[in-house]
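Protein chains in written order, with the numbering used here: chain A, 829 to 1146; chain B, 5 to 357; chain C, 92 to 394.
In case anyone wonders, no lab produced these hints; they're calculated from the structure. By construction, the Cβ of each residue, glycine as well, lies at the ideal position given by its N, Cα and C atoms. One thing to keep in mind: the hints can contain errors.
Unchecked claim - Derived lysine-lysine pairs resembling BS3-like cross-links, with alpha carbons at most 30 Å apart:
id : chain 1 : residue 1 : chain 2 : residue 2
1  : A       : K1021     : B       : K240
2  : C       : K353      : B       : K91
3  : C       : K276      : B       : K240
4  : B       : K139      : C       : K276
5  : A       : K975      : B       : K240
6  : B       : K89       : A       : K1139
7  : B       : K352      : A       : K1025
Unchecked claim - Per the computed footprint, the stretches of chain C lying under chain B, defined by three or more beta-carbons under 8 Å from a beta-carbon of chain B, are:
id : region
8  : 118 to 129
9  : 270 to 280
Letter by letter, the chains look like this.
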Amino acid sequence: MALLEIEGLSIGYGTRNGLLRAVEDVSFTLEAGGSLGLVGESGCGKTTLGMALMGLLPPNGKIMAGKILFEGQDLKESTEEQWRKIRWRKISMIFQAAMNALNPVHRVGDQIAEAISTHRPEMPEREIMERVAELYRLVGIPVERIKDYPHQYSGGMRQRAIIAMALACNPRLIIADEPTTALDVIVQDQILKEIKKLQEKLGLSIIFISHDISIVAEVCEDIGVMYAGQLVEWGPKEAVFENPVHPYTKALLASYPTLMGERERLRPIPGEPPNLVSPPPGCRFCDRCPSAGKSCKSQAPVWAQVGPRHKALCNACS
Amino acid sequence: MEVTGEHIVEFEGVTKIYKSKASLFSRSSEEVVALRDLTLNIRKGEIFGLVGESGSGKTTAGRLLVKLEEPTEGVIKLDGTDITKLKGGRLKEFRRNVQMIFQDPYQSLNPQVSIFEAVCEPLVIHGIGNSGNRKEMVEEMLALVGLSPPEDFLARYPHQLSGGQRQRVAIARAMILKPTMVVADEPTSMLDASISAQIFNILLDMRERFQVSILFITHSLAAARYLCDRLGVIYKGSLMELGPSGVIIAEPRHPYTQALIDALPKFGQCGSVFHYGTLLAEERRGIEDGEGKGTKEFCPFFPRCRPARAEKCANAMPRLENLSPGHAIRCFFPARPSLQVETAGSSKCYYGI
Amino acid sequence: MAGSVQKRAGFKGAFLEGWEIFKESLLGRIGLTLILIFALMAVASFIPPMIDPMYHPMHGVDPEISFSTGPSLRHWLGTDFMGRDILSQLLAGARVAFMVGVSAAFMSIFLGTSIGMIAGYMGKAVDTMLMRLADMIMVMPTLLVVLILSSLFGQLNIWTIVLIIALFRWPGVSRVIRSQTLSLKTRPFIEAARVAGASHFRIIFRHIMPNVLPLSFLYMTFRVTSAIIIEAALAFLGFGDPGTVSWGMMLQWVWKTGHMFKAPYWLLPPGICISLITLSFYMLGRAMDEVLDPRLRKEADAS
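Between the sequences and the hints, there should be enough to build the whole structure, so can you do that?
Next up, the structure:
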């Protein structure tokens, strides 16, 4: 049984202008120990999906249809009480490296200790501090820095501390939403390698959310491409990179340069994504699609199975 | 567009030091050297890339060039004229020729000003055109940056546009005066990767059409290689390596440049890509906060540099020296050339921008 | 971003959007209704003298009455000690209150906004000088200064009073506008204007002002309140303009003629009006605060 199974998940936000369909009919599975990278432009619903998996949708957000099966249990109907038992212990999150993820007036070690003691009130303090030291060793921060305050940490160390906090309660699934924005290239590389290493070492499952394929590719085995609220292509990263099927995936891949060979002009995607309050009836990408057929505009696309674990939401592709 | 040998911009020994005032808690005022003895020039019609991490001084260099700040020492010349002493009419003339595209398009457009007014403002300031043909000029420029149909955008306000559209507006605003020099300060770091490519292509088009020279400031060597003719790699205020972008990417000779290439996120067929491994996993401690702090000269990259040798690198600041014509590095122990010719061998390995 | 409200464009759009939020506020609705009622009263103040000269608030005297009477059909709120109609005085008082309140507030806001923007934008010596001046004026008690001035120069004209109030009430506004300007000054769009070659004048009035004006208008509502109170206090103490009928003046007449505890029909209306009009402008200000302050708004959204 897969660790996480998402079936036909749709999420909407109530806004002044009507219902905004942020996520529509998204389905995928994630095995224990697997890693999935969700990529797409801002506003494509990837962050909303991540929030839903943590039970942290904003008040005007609502799951309208579908199932979130985690270890076989549907989280959709969970109460706040039940979510509290799942969050951090089973599913936890790595936030952006912003300063505000850590409270500036408390020592970093104490903040991690507090995260542990909230979820394991029975644990004696000494054991908690041992656990914090263990986490520091795990994510590669010198243990003597436990008593330092956040401002004494470099950006990279702060991000490591946030990772340590996410790992505090031995979760099975980690959701990382743009965890390396605001970090420099070299630090970003170190953090990505650290996440990858920890994932392999601890057998974690990861959902890594980013707008940047190159970052996601450093960590994940599977790639899910999202566009305008829908998952449009899903498969192992080798398959997606070598044999992209959906025109949007192809276009995304063509936005990245190489370092060697002739300098070829990049071919970015023209246009803007559709409004999600009143999305078009057919394929949502068809206005920007170079290979759209006549029926694409009116006919909703269906999944085309490309390989055993590789599918694309497109009528013109198969 | 042909890049001529003529220089449009010359930085000569430019140093910028920020002083933090003495406060209640720290008696002595602290000095931060943002830029140390920068000497480089930008050729007419060229896109010059300044690559570095945050705090490297790359943004400071750009702000000095557009006169948002003044250098502590040194001279900056535009077309042979020292810009640090410009006043009055000469300064206004300078403002007409040198423009800037800012990092964050969400912040660089006034929320209260419509797109038409924003793009038109430089024309009004410099008294170009009249109320009749300004609208045409604005529409033409909006079309050139890919906002079409342009008349749809005139009456809109920044918050009604996406980040990419806003940055196009910012480019249109910068280009409407047909400047000779534009500073683009990380124009895509706030945008999605897929949008970045659009912005890069617009910059290339602008160079082609208006023969404008561009100082492109970025943290990504991949973006720099895509856009730039020549590159400068800067670390903690000092220029570390300078040369044609193709040469720097294919045969980087400075350990820091090599570390930057190693760190680029990539995907595709990257299996054969060479890894330089010049970055130390843990920084060498003690040199920056040891005895005689601030007085001792040393290579700024020494604490993180694997090939460094303490007896030399920790005791003196290397000078920027030519390895070959047009390719200079600041290192006592330059890496051997062409260690691996097919470095990032595969042309099917793609890099993050 | 997903879930965010589609924003509307420009001043008109911002105004409409603000109005949507404003409408939700009970305080704002009550305040605005009251202000509208007072405005109607001010407009209506022109009617009574047209019906009959005896209803003129200042010079009209009922020929049949020469002392204070209670409400009657002829004088709905009664008459004062000379036989003048109290209702028409009350209506005229509303007009004066608006005149004093709005014009004094407008002038002090104009001064405060300009000085605050200049101080914040120019910085250095200009800033220090203007802000020390503001500090000096801020610690001077307005009422006391006006009292001293009027004891020196005799009765003050109503416009002189307005001017004095304006001159003494700008420093608070200028401090707020200055700090707003300081934070705006470093925003990239101001730097972008500098790079485009915009003059200081242009940057201040074209780029900074539209961004501080909403705040100025907010402070204006609070300034209206304080100007009305100061004028009423002055008039009550006998330092008002003897040629105008204001609510403070009415109270002074009540008190001077010894009707304080004998004629509630005369004492209460101006007293209630002063309280209500200051309260209504205050409520309007609080509701506007909610519109302008994104933190308050978020709380409202979450509930």
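Handout entry: Residues of the region 118 to 129 of chain C with Cβ under 8 Å from chain B, three needed, outcome
Key = violated (count 0)
Problem - Hint consistency between K352 of chain B and K1025 of chain A [alpha-carbon to alpha-carbon, up to 30 Å] - result: 25 Å, holds
Practice task
Mind checking the alpha carbons of K89 of chain B and K1139 of chain A for me, to see if they're no more than 30 Å apart?
Solution key: Not OK: K89 of chain B and K1139 of chain A at ~63 Å, beyond 30 Å, violated.
Handout entry: 30 Å limit on alpha-carbon distance, applied to hinted pair K1021 of chain A and K240 of chain B
Key = 25 Å, holds
Practice task
Please work out if K353 of chain C and K91 of chain B have their alpha carbons no farther apart than 30 Å.
Solution key: Between K353 of chain C and K91 of chain B the Cα gap is close to 75 Å, so the pair fails against 30 Å, i.e. violated.
Exercise for the section: Given the hint that K975 of chain A pairs with K240 of chain B, test it: the Cα-Cα distance must not exceed 30 Å. Expected result: It holds: about 28 Å lies between the C-alpha atoms, which stays within 30 Å.
Practice task
Establish whether the coverage given for the region 270 to 280 of chain C by chain B is satisfied; the threshold is a Cβ-Cβ distance below 8 Å, and no fewer than three residues must meet it.
Solution key: holds (count 3)
Handout entry: Hint consistency between K276 of chain C and K240 of chain B [alpha-carbon to alpha-carbon, up to 30 Å]
Key = 27 Å, holds
Practice task
For the pair we were handed, K139 of chain B and K276 of chain C, check the Cα-Cα distance against 30 Å.
Solution key: 29 Å, holds
The earlier numbered hints that this structure contradicts are 2, 6, 8.
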